[in-house]
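Novice: Chain by chain, the residues:
2 protein chains.
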Amino acid sequence: MSEVDRSAVADLLGVLAYAELTAFDRLAEDARLAPTLAGRAALARMAAAEIGHHVRLTDRLTELGVEPAGAMAPFVSALDAFHEGTRPSTWLEGLVKAYVGDGLATDFYREIAAFLDSDTRAIIVDSLSDAGQSEFVIDRVRRAIAREPRVGGRLALWGRRLMGEERTIDVTEWP
Amino acid sequence: MSEVDRSAVADLLGVLAYAELTAFDRLAEDARLAPTLAGRAALARMAAAEIGHHVRLTDRLTELGVEPAGAMAPFVSALDAFHEGTRPSTWLEGLVKAYVGDGLATDFYREIAAFLDSDTRAIIVDSLSDAGQSEFVIDRVRRAIAREPRVGGRLALWGRRLMGEERTIDVTEWP
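Going down the list, the sequences are from chains A and B. Under our numbering, think of the first position of the first sequence as 1, with each following residue one higher. Under our numbering, think of the first position of the second sequence as 176, with each following residue one higher.
Some hints could be false.
As the list claims (entries may be wrong) - Looking from chain B toward chain A, a few residues come up when the C-beta cut is under 7 Å (computed):
(1) ALA219
(2) MET247
(3) VAL300
FYI, nobody ran anything at the bench for these hints, they're computed from the structure. Glycine included, every Cβ here is placed at the ideal spot set by N, Cα and C.
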C-alpha cells in the first residue's frame with residue numbers, strides 16, 4: 001500500500017470507527033427511552049454490536065501502524081454536531097434515527113469500500129452489517145403506527161429531516 | 176431441577192441479568208465523561224462486554240422456560256434506586272464505582288453460585304468475569320493520584336460511601 005493510500009485508508013477507518021462509537025452512544029441513550037425492559041435490552045444489544053464493529057476497525061488501524069484515537073479525532077466535531085442537532089425526543093424517533101442514519105451511512109461507505117484493498121474492504125463491509133436494527137425497528141414502528149395512525153406522519157417528517165441533516169454533515173474541515 | 180429450585184435459579188439469573196444491563200448503562204454513561212477518546216472507547220468496550228454477559232444469562236433463562244423480562248422485573252426498582260443514589264460526578268468517581276460495585280457484587284454472587292446446578296453456575300461465574308475493568312481502573316486512578324495526591328482522599332471517601340449504599344440495597348420487596 002502506498003503512503004497516500006495508507007493515509008486515505010486510515011481516514012476512512014477512522015471516521016467509521018468514530019461513527020460506530022457514536023452509534024453505540026446513541027443506542028445506549030435510546031435504550032433508556034424504551035417503554036419496556038425487553039426493548040431496552042434489545043437496544044443495549046445493538047449498542048454492544050456496534051462496539052464489536054468499532055473494535056475490528058480500530059484493530060485494523062493498529063495493524064496498519066496507525067493510532068486509533070488519532071485517526072478518529074478529525075471526525076469528532078462533525079459527527080458530534082450531527083448527533084447533537086438530531087437528538088430524538090421519543091423512543092420511536094430514536095428507532096427511526098437508528099434506521100435512517102445507519103442506512104444512509106451504510107450505502108455511502110459500501111460504495112467507497114469498493115476502491116480499497118481486500119482486507120480493509122472485508123472489515124468495513126462486515127462493520128456495516130446490520131446489528132439486527134432493521135427488523136426490530138420496522139416491527140416496532142409498524143406496530144406503533146397501527147395503534148395510532150398519525151404517528152406515521154410525524155415519523156415521516158422526522159425521517160426526512162434526518163436525511164437532510166445527514167446529507168449536510170460538515171465535511172469541509174475533514175482531512 | 177425441582178420447581179422451588181427453578182424459581183430460585185430464575186430469581187438469581189434475573190437479578191444478575193438486570194445488574195448487567197444497569198452495568199452497561201452506567202459504563203455507557205461514564206464513557207461520555209472520559210477525558211480522552213481512548214478512555215471513552217475503553218469504557219464503551221467494557222459496557223459491550225457486560226451485554227455479552229447479560230445475553231448469556233437471559234439465554235439461560237429462556238432455556239429454563241422463563242421469560243427474561245419477567246425474571247428481571249422484580250429487581251428493577253431496587254437496583255435503579257442504588258444507581259440513582261450513587262451517580263458519579265466525575266470520571267474518576269465513575270471508575271471507582273465500576274470497581275467497587277462490581278467487586279462487591281462479584282463476591283456475593285460467586286458465593287451463592289456455589290449452591291446451584293453446574294450449568295447455571297458456569298454461566299454465572301463466567302458472567303462475573305472481569306471485563307478488563309480492574310486493570311484499567313487501577314491504572315487510571317493511580318495515575319490521577321500520582322498527579323494530584325489529595326484526589327486519593329476524596330476517592331477513598333467515595334468508595335466507602337458506595338460500600339455503605341451497596342450493602343443497604345433494599346431487598347425487602349424482592350421475591
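Novice: Determine for every hint whether it applies to the structure shown.
Specialist: Hints, verified against the model:
no. : hint   : in the structure
1   : ALA219 : 5 Å, holds
2   : MET247 : 6 Å, holds
3   : VAL300 : 21 Å, violated
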